[in-house]
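Fit chain F to the supplied structure of chain L, relying on the hints for placement.
There are 2 protein chains.
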Amino acid sequence: MSNRTVYFVSDGTGITAEAFGNAILAQFDLHARKVRLPFVDTVDKAHQAIRQINHSYELEKKKPIVFTTLVNPEVQGVFSEHCKGLVMDMFGSFVRPLEVELGAKSHHRVGRFTDISKSKEYSDRMEAINYTLAHDDGQSNTDLASADVILIGVSRSGKTPTSLYLAMQYGLKVANYPLIPDDFERQQLPPALLPLKKKLFGLTINPERLSEIRNERRPGSRYASLENCRMEVSEAESMMRRAGVQWLSTTTKSIEEISTTILQVIKPTNGVGRL
Amino acid sequence: MSNRTVYFVSDGTGITAEAFGNAILAQFDLHARKVRLPFVDTVDKAHQAIRQINHSYELEKKKPIVFTTLVNPEVQGVFSEHCKGLVMDMFGSFVRPLEVELGAKSHHRVGRFTDISKSKEYSDRMEAINYTLAHDDGQSNTDLASADVILIGVSRSGKTPTSLYLAMQYGLKVANYPLIPDDFERQQLPPALLPLKKKLFGLTINPERLSEIRNERRPGSRYASLENCRMEVSEAESMMRRAGVQWLSTTTKSIEEISTTILQVIKPTNGVGRL
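Note that the protein sequences, when read in sequence, are chains L and F.
So that you can map any letter, position 80 of the first sequence is 79 in numbering that gives the first Met the number 0, and since no number is skipped, the others follow by simple counting.
So that you can map any letter, position 265 of the second sequence is 264 in numbering that gives the first Met the number 0, and since no number is skipped, the others follow by simple counting.
Quick caveat, the hints were computed from the structure, so don't treat them as lab data.
None of the values given here were measured: they were computed from a predicted structure.
Virtual Cβ for every residue (Gly too), placed ideally from N, Cα, C.
A couple of the hints might just be wrong.
As the list claims (entries may be wrong) - Per label pair, the in silico range of CB-to-CB distance:
hint: 1; chain 1: L; residue 1: S145; chain 2: F; residue 2: N53; range: 49 to 57 Å
hint: 2; chain 1: L; residue 1: G219; chain 2: F; residue 2: G76; range: 34 to 42 Å
hint: 3; chain 1: F; residue 1: Q263; chain 2: L; residue 2: A133; range: 28 to 36 Å
hint: 4; chain 1: F; residue 1: R95; chain 2: L; residue 2: K61; range: 14 to 22 Å
hint: 5; chain 1: F; residue 1: S145; chain 2: L; residue 2: D136; range: 18 to 26 Å
hint: 6; chain 1: F; residue 1: Q138; chain 2: L; residue 2: S145; range: 35 to 43 Å
hint: 7; chain 1: F; residue 1: A144; chain 2: L; residue 2: D136; range: 24 to 32 Å
hint: 8; chain 1: L; residue 1: Q263; chain 2: F; residue 2: A144; range: 40 to 48 Å
hint: 9; chain 1: F; residue 1: P96; chain 2: L; residue 2: L195; range: 25 to 33 Å
Unchecked claim - Think about it this way: if two alpha-carbon atoms lie no more than 27 Å apart in a straight line, the pair counts; the simulated BS3-like pairs of lysine-lysine are:
hint: 10; chain 1: L; residue 1: K33; chain 2: F; residue 2: K198
hint: 11; chain 1: L; residue 1: K197; chain 2: F; residue 2: K198
hint: 12; chain 1: F; residue 1: K33; chain 2: L; residue 2: K266
Isolated chain L, as found in the complex:
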């Protein structure tokens, strides 16, 4: 497998650039050493970054791959001129065709996040995170009617991380409820949830995988045993089927994929960054 140093250079955090660059790199069998260089927003800092990158090139005798998201054309220009890596200008490639289509010049404005902490979107997101933390794992029935989404599923099926992701990424208020043996005996969803069926979404999981996960926490317990996991998953799935609640198996899915599917089904009307 090929070795290569990869840089993500940004005038902001570089988080989006890195995520996007990683998706592209995943298309290759590459053993990459990844370095993120955030907040490169002046010509001076550009030269500093380039010294580091060119030093890698001299050590490794292979061109580093350099993804840049630099709004300021002067800063980008320093890279085009002096950097010995393969520079992939992620902004320039798309900004120019957009300028033509929209018949407008781009701002070349750095720091799009600067005022975000004061915005309504930001406080909505904070409120969503607080709501979601307070309604994790069936902790509270208070104000359940305000939830945008309510997740149900057996313990360790992925409810908490999915809830937090939906809150942080989309500003959604998410409650989650574990389905427990009491519910299976009653053969009914937790009573507080019955009037809120339109907001319910179920997570299920392969019993073998569930048993593995639970064994990490409580090795050798009845709770973690394959037999018990099989019973719980089967009961939970029957219950969701009877109640007409849509569900998804989380076994081989990322939190991002689970969240996207939930939003396609539930279509909440609040939140930010709608599908």
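Using the frame of chain L, we list chain F on its own:
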């Protein structure tokens, strides 16, 4: 301001494509109606998506902007041929120069997330989220030595969302501790934290902004009063200065920017997706 419909078309969730596309769109004064079309991974689904996009074009008489991240060249090809929007092929633009530089063909493999839930990275991230939830707001001193980062600051300075972001995004175990009047009287950091100074990072905030935030929660309270907020912030900053703890003002910063800065200072050795 110009109006335009913008589509994000992906064979996966489209989350990264949307984040990256939004960063580019932020360079323009555009009133965009945004539509994400996830999981477009077959020629059939591509034709469906194109029908929707071309319909927008006919209604609006303006080319929709279409960001695509499609690994399969056959699916991308349908867009290049039939779509009446301005198609921005986010993968193709970078995959081809990389193929040349690396002297290798890309996989054209869809669904890079497919097996992530089974990976070590995934379980590390889950463990980090659980740790971080259990150590929110000074709830527990148990196993504090395992923390990668410990955030301190007055109530409502941004500790909880930042902690959760670091856990979800980087798989870091993050504890956070509120600095409270008891600490100010003692003029000392919470005793449990003293041996862990290298992991400490402080968040502070403009007192006027803090008072606004607290007033949303407890309107008219002494806790939310500007006078009290000024006192708490000043005491907390003095304490961090004396203790030699680096800190950052969260007032105008996004969670992403705060997190990136923390990682530059603390340089944790665990976690995933290192800086």
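Has the given pair, K33 (chain F) with K266 (chain L), been kept, meaning a C-alpha gap of at most 27 Å? The hint holds at about 15 Å.
Measuring from beta carbon to beta carbon, are S145 (chain L) and N53 (chain F) in 49 to 57 Å? violated (39 Å)
Is the gap between the beta carbons of S145 (chain F) and D136 (chain L) within 18 to 26 Å? holds (22 Å)
Cβ separation of Q138 (chain F) and S145 (chain L), checked against the hinted range 35 to 43 Å: Hint violated: Cβ distance 24 Å, outside 35 to 43 Å.
In this structure, is the beta-carbon distance linking Q263 (chain L) and A144 (chain F) contained in 40 to 48 Å? holds (43 Å)
G76 (chain F) and G219 (chain L) - C-beta distance against the hinted 34 to 42 Å: violated (54 Å)
Do the alpha carbons of K197 (chain L) and K198 (chain F) lie within 27 Å of each other, as the hint requires? Violated, at about 44 Å.
With the threshold set at 27 Å, check whether the alpha-carbon distance from K33 (chain L) to K198 (chain F) stays at or below it. holds (23 Å)
D136 (chain L) and A144 (chain F) - C-beta distance against the hinted 24 to 32 Å: holds (26 Å)
Please check whether R95 (chain F) and K61 (chain L) have a Cβ separation lying inside 14 to 22 Å. This hint holds: roughly 19 Å between Cβ atoms.
Is it true that P96 (chain F) and L195 (chain L) lie within 25 to 33 Å of each other by Cβ? violated (51 Å)
State, for the Cβ atoms of Q263 (chain F) and A133 (chain L), whether the hinted interval 28 to 36 Å holds or is violated. Cβ of Q263 (chain F) to Cβ of A133 (chain L): about 32 Å, so the range 28 to 36 Å holds.
Hints 1, 2, 6, 9, 11 from the earlier list are contradicted by this structure; the remaining hints agree with it.
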